[in-house]
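Given chain A, work out where chain B should sit, using these hints.
First to last, the protein sequences are chains A and B. Take the position in the first sequence, starting the count at 1, then add 261; the result is the number in this note's numbering. Take the position in the second sequence, starting the count at 1, then add 261; the result is the number in this note's numbering.
Treat the hints loosely; a few may be bogus.
[What the hints assert, rightly or not] Reference excerpt, derived from the structure (chain B facing chain A, CB under 7 angstroms, subset only):
(1) Arg-519
(2) Leu-521
(3) Gly-522
(4) Val-523
(5) Lys-525
(6) Asn-526
(7) Arg-528
Source of the hints: derived by calculation from the structure; they are not laboratory data. Glycine residues also receive a C-beta, built at the ideal position from the N, C-alpha and C atoms.
2 protein chains.
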Amino acid sequence: MSKWYFEKGDQGDIVISTRIRLARNLDEFPFPAKLDAAGKNKVNSLVKSTLFANGGNDFSYIEMKDLSRVQAVSLAERHLISPEFASKKDGSALILSSDESVSIMLCEEDHIRLQVMKSGLALEEAYDIANKLDNVIDGKLKYAFDDRIGYLTQCPTNLGTAMRASVMLHLPALTRCGQMSRLASTVSKLGLTIRGANGEGSQPRGDMYQISNQITLGITEETAIANLKSIVLQLVAQERAAAAEIIKNPAEEDKIFRALGVLKNARLMSTDEFMELISVVRLGAARGIIDTPVEKINELIVNMQPATISAANSEADNPAARDAIRAKAVREALS
Amino acid sequence: MSKWYFEKGDQGDIVISTRIRLARNLDEFPFPAKLDAAGKNKVNSLVKSTLFANGGNDFSYIEMKDLSRVQAVSLAERHLISPEFASKKDGSALILSSDESVSIMLCEEDHIRLQVMKSGLALEEAYDIANKLDNVIDGKLKYAFDDRIGYLTQCPTNLGTAMRASVMLHLPALTRCGQMSRLASTVSKLGLTIRGANGEGSQPRGDMYQISNQITLGITEETAIANLKSIVLQLVAQERAAAAEIIKNPAEEDKIFRALGVLKNARLMSTDEFMELISVVRLGAARGIIDTPVEKINELIVNMQPATISAANSEADNPAARDAIRAKAVREALS
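Chain A on its own, in the form it takes in the complex (with noise of 0.2 angstroms):
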């Protein structure tokens, strides 16, 4: 089945995706941390059951013990698992979608942790699958909840909705612009928080942001996100705004033409440098200088993660082998 990130979504010349995450407990286990492989296996068997009993859905569950290292971390750079996840081993599992568009961590910080990602700006579309997935498994387990504060969780910071809605953002010209470090602390005034594409504390890479909700407490599900929604629009309008500037320099059109020209000609090419030039090139597609469609260009990105190019090519078990790997995938798909 094609994964979600083949498709186009609103607003797809700037959001690459949406992802909406719910974190979850069983009201008759202890969190994760105090809970040994027996317990969490028996956590993770439930929510099993009770998921594949429910039909219609195209799921595979995976053991994470069960994995390779790159083919955890490859999840990882897919955004289907947290980073920390990739090195959970016994008691620790994932059930995820043939399209890759549901992923659920079962026993990571919370018994669960449930993703819905779209692509494009679909926040409405993600909780609402999100929230039926939820309500199969509320109708056949007890959830810790408490009347007040709502969903329990682990982490203080999640209590209440323990909602994440998460938009991914390619900003090239607000960050050519300078703008970033402005809009960072603009968004943290409203709740919401902007920081690289792989998490907290990570650097952008790419010119790509997350942007997410930071308040869990005493605001509901949809309230988070119209909140978030109306900044991502704004944000889209200004790098619209900022784009189109920048790209009337002729030194622009030819550094997006350069950026192509290596990228389609490469013999080697190592993560870094791929992530600086495809985001130049991106700039270039989604403001239609150049006719390479920006879903292409999602999907490249996504599949040129190092685990994920190790993962999928056996030779590629040493960065040298990897970047000539690389270098040519790149070239095939963008000729």
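Quick look at chain B alone, frame taken from chain A:
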């Protein structure tokens, strides 16, 4: 008629071109430095009528005063006249064959500077053509000639045969290996000189070098040519060996394709960057790594020089416009 540089010549992977230049003066006139415009025009008319009467040649007669600045500099860029001659006006003229293989400067430093160019390594052939034209003039006009010394020239360094035989070589691998200063010192002991492609005192651009005989006194033309040819063939062998070694490195292959990618995609391209990148690409073409014919690259190098672009494009009247026109022409030539 197709220009001489459209053809691939002998040793064409490394040898760009061969040039024979004969300096001659008419016995009954003082050297040009001592002639006024009327006197120069008289010399020019005599040579012109002699050569044009000969028939079988496809010559144009060009008075330097009739050329624009860019037209004159473009002739120098194509090595059809000396850089100094490009500034000459009244009393200076050029006889040029339609394929640009024969160019005769009239009243440059000497009355006659007869030059024959051929693609690749073709010293004997070029000398043969030059010699025949020389005989045509010699049959009608009396040269300044001394039985003991040979041909008399204004500058004593040309006395004797007054022949300068030059071969233009592309030596990227020897340059990269840091061999050029050693080689320059070696060939100078053999009565030859290596310098940048634009003549005395010029820096090598695009790894292009001109090797020529220094000695014109006490040596026959045939011996000078045989010496030069032997050294050129040794340089060619050394460059091939160095290149074969260099291209084993995957990073070099990568560098060649990246240079090609930038040339095929850039929207702005300065002369300096063009020369740097085309040298890398020519190494790849010469060694069969990329399939662009080297003669096509040679032609591009000639046509992409600044005054040659400006002479061919009226809108290329400033560096930025020229860089855009160059980038477009390079893209079209290499795609």
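Here is what the structure says about each hint:
no.: 1; hint: Arg-519; result: 5 angstroms, holds
no.: 2; hint: Leu-521; result: 6 angstroms, holds
no.: 3; hint: Gly-522; result: 3 angstroms, holds
no.: 4; hint: Val-523; result: 5 angstroms, holds
no.: 5; hint: Lys-525; result: 6 angstroms, holds
no.: 6; hint: Asn-526; result: 3 angstroms, holds
no.: 7; hint: Arg-528; result: 4 angstroms, holds
Every hint from the earlier list agrees with this structure, and none is contradicted.
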